[in-house]
Each structure stands twice: as structure tokens, then as C-alpha cells.
Amino acid sequence: MQMITDTQDQAHAAWLLAHKREKQKIRGLQLLLLAGLLFCWEAAARLGWIDTFLFSSPSAVAQIFWIYFSNGTIWMHIGITMWETFVGFCIGTVCGIAIAMVLWWSPFLSRIVDPFLVVLNALPKTALAPIVIVWFGAGISGIIAVAVSISVIVTIISAYTDFRSVDEDKVRMLQSFGATKGQILYKLILPANRDNMLSLAKINMGLCLIGVIVGEFLVSRAGIGYLIVYGSQVFRLDLVMMGVVILAICAWLMNSLINFLEHHIKNS
Amino acid sequence: MKEEPLLSLDHVSMHFFNQDGVLPVLDDISVQLQQGEISAMLGPSGCGKSTILNILSGLLKPTGGTIERKGSIGYMFQRDHLLDWRTIYENVLLGLEIQKQKKSERHLQKVERLLRTYDLWEFRNRYPRELSGGMRQRAALIRTLAVDPDILLLDEPFSALDSQTRLMVSEDIYAIIRQEQKSALLVTHDISEAISFADTIYILSHRPARLRTVYQVQLTTQAPRTPLKSRNAPEFQQYFNAIWEEMMQDADDN
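In order, the protein sequence lines correspond to chains A and B.
Mapping of the first sequence onto this note's numbering: position 129 corresponds to residue 129, and the numbering continues sequentially without gaps.
Mapping of the second sequence onto this note's numbering: position 32 corresponds to residue 300, and the numbering continues sequentially without gaps.
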């Protein structure tokens, strides 16, 4: 008996090791791929195969990053973009879910606004950005408003659909105990949709970032979107590339943060 | 002298409106439920059983006739509808919570007694997904009983279970209803279930539902009667055949 368990343990250890090896291999190849791409780009720039005026080069991007980093302005730009995204995300998600609750509360109202929501949802919201900026001012508030305008409609429609999809018989079960509409919402509809709300938050984060960058393209004196649009206006492609790289890193970090929160909430 | 019935429908009729006109669903239904009695309403699928239940529980108002109800209603559904994110204990307290009686010592003691008596006390901190179908259905019944209803409405409470669990659960539920001395109205399309469960069976026609016949079920079984013993009673088959004939006749009339 002991023998069998021993060999099983060994086999398990071997399996774990193989599993770990494979993960390391994938991670290694990913880094290699990235390094290879950067190397080719740099080499092509130095050997004159590509025009550095149009394509810049990794070393030029690193240099300009160092300038922004050492005088500290990079943090200001990142901070502003993140702040705008965060505020837009909170307003868009909270308002969207609140409006979805109102629509759930009043099916009559939801039937009235339905065609308007459908049209607004189909419309590319970036087309509204110039109007929103005019209305809310050419500054941080306007940019946040653009982010909200992009995320809120999707939130309303998905949250409302999720609320509606809760089993009608479960609603009747609560009604059979004499539950009020508020109790049904609070005890059934909202907790039943916890996971849906989390995935909605994940989508919203991405949408708000789009809104903020679009807003910063249109009007701004700071932020990552500003760096990108300013760089392209003065033909400093190294600045544009740096902006894009920083944006990619920020988006990745935000996504990891939400995944982390999601994991924790689901396991609590 | 006959006791006042706990629940009575007197010449109740019901129709709905839709795009094409008037849709009659119930036609002149009269039903009575006495204290401590279990009755069954048996009818073909789609005959308007859920409309009757909605009228009985007060969710719908009949368009004709009167309904009299002495006491509160507890509803038991086809599926258990336990909420996944609540433990069994939290689920069982749901009704009390809604009626703002969660802090009432008397009710909490009752819940504890029910959970202990029906073997769920040890599982009270588990989540519904960790329990078998039969245990879940018992928990659902305790959730209903916790608010102390006088009348239980059972809406095909076993039809979502597989046949083996179904027999076991109906034994359990029957025993609980009898022990807690509740009156119950079972709505079903299953003939054997109706005979094995009920003292009185009301047979409904297809839509618009009318009362075709009323059977008083009298079976020779060892006391106490249980659904399983009822199924083995010598009269069971006779009732089954008679009701089957009745329902086939109804289908032919259609």
C-alpha cells in the first residue's frame, strides 16, 4: 500500500514539475518574442532600413521616457489619465446600474425609453464626444463626461437585461411571502447578478479608457492622450510611441486589478 | 354540523383579454378545503391550474364568483428556488426576513425545531449546491412553514425531481404536512400523485377548466397513511382507472 502511495506521490511531483516547466517555457518565449521584436526594430532603425522620423526606435523611446521620468512629469500625465478614467468609470457604472434599477422598477417606463436606448447604443458614442466637450467644458470635466457617455448606455442596457433575466418564479416565491418591490430588488435581483456586475465593471473600465483618450485627443493640456496627440502634431514619433506603450501598460495594470478584485469577491 | 371551510372558491370564473379577444380560462369552479385536509386539483397540462393558484394566493382577482380565505397562504413551487448565495439557514429564514420577523424568538425556535426534526440542522451552514434534490425540497418546505401559514398551496412540487427522489420526497413532504397539521391544496397533472396524496380530488377539464368530478379518496392502509402505502392499497388501481377514464373522456370531448 505504502509503495503505491509513494509512486503516486512521485508521479504527482513529476507532473507538477512538468506543469511548472511548461509555464516557464511559455513565459520565456513570450519575453524572447518581445525582445526579438524590439531588437529588430532597433536594428532596422540603426541600419537605416526604416525612417526613424516616421517609426522612431526603442532607444529613442527609452530616451524620451527617461527625460519625462527624471523630471517627474510622466507621473502627472499618467495620474491625470488614470484619475479621469477612474472617475468616469465610477460615475458611468453607478449611474448606469441605478438607471437600470429604475427601468426594472417600472416596466412601463422601460417600454417608453426602449427605442431611444437602442438608437443610442447603436450610435458610435465617439461621435458625441465633441458635443459633450462643448457642454461640459474643455477640461477634465468634459473628458470625464466623454468617458461616462461611452460607458453609461452599455451599462444600462446590459444591467437591465441581466436584472430581467432573473427567474420569474423566484420573484413569485418572494412575492408569496409578501415581499415589496424593494425587497425583491435588494434580496434577489442584485445578489443574483453579482457576477454579471463584475464582468460589466471589467468592460466599463476599458470603455472609460477609450472615452478618456478620445477626450484628451480633443481637448487637454495633460494626460497620456495629450502626449500622443501632441507628439504627432510636432512629429515626435518617439513621444507618440512612448504614450502608446505607457497606455498599454496602464490598461494591463487596470485589468489585472479588476481581475484581482473579482477573484477576491467571488471567493469571499 | 359541518365546520367552516378554511378556503373556499364559490362559482369562480376567470377570463383574460388578448389581441384576438377574450380567453376564458376558468368556468364555474367551486372548491372547498377543510381544516387539516389535503386536497388535490387534477387536470391536464395547460388547463389553467396556475391561474387557480394565482387566484388562491391573491395575485389575481377572479372575474366572476367569490373566494373566501381564513388564514394565510404558504406557497410551495415546482422547483425549490433556494438562493445559491445564501446558506440553508439563511434561505429558510428568507420568508421571516421579508415579513420582518427574523428577530422573533418564537419563529426562530420553530425554524430550529423544523430543521432538527427534518434532518437539516447539521447542514444549516451549507450552501444549496451542496445538498441533494430531496434535501433542497425539504429546505424549501421549511422556508414556507417558517412563516406559519394556515394553508399550503403545492404547485406540482415534485415534478422537477427524478422518479426515485420524487417518491422519497413526497413521503417526506406528506409526513411533514401531516405532523405539522397543515391543510394543503396540491395542484398536479399526475394521477397517482393525486391519489396517493389527497383526501379529496377535484378533476378539472381542459381549458376553460370546469369541475368534472370530485372523488373522496378512501384507501385501506395501515395507519398512519403515507403516499407509498397508499400506492399499495387495494383500491388505488380502481381510483386510478376511474380517473384515467374520466380524463380520457375529457380529452375526447375536446
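One should not assume that every hint holds.
Claimed, not checked - List time: in silico PhoX-like cross-link candidates among lysine-lysine, alpha-carbon distance up to 20 Å:
| no. | chain 1 | residue 1 | chain 2 | residue 2 |
| --- | --- | --- | --- | --- |
| 1 | A | K187 | B | K338 |
| 2 | A | K266 | A | K181 |
| 3 | A | K181 | A | K202 |
| 4 | B | K378 | A | K181 |
| 5 | B | K368 | B | K378 |
| 6 | B | K370 | A | K187 |
| 7 | A | K187 | A | K202 |
| 8 | A | K187 | A | K266 |
| 9 | B | K371 | A | K187 |
Hints listed in this document are in silico derivations from the structure and should not be mistaken for laboratory results.
Taking the hints in turn, this is what the structure says about them:
no., hint, verdict
1, K187(A) to K338(B), "violated (29 Å)"
2, K266(A) to K181(A), "violated (26 Å)"
3, K181(A) to K202(A), "violated (29 Å)"
4, K378(B) to K181(A), "violated (28 Å)"
5, K368(B) to K378(B), "holds (16 Å)"
6, K370(B) to K187(A), "holds (14 Å)"
7, K187(A) to K202(A), "violated (24 Å)"
8, K187(A) to K266(A), "holds (18 Å)"
9, K371(B) to K187(A), "holds (17 Å)"
Violated hints, in rising order: 1, 2, 3, 4 and 7; the structure is consistent with all others.
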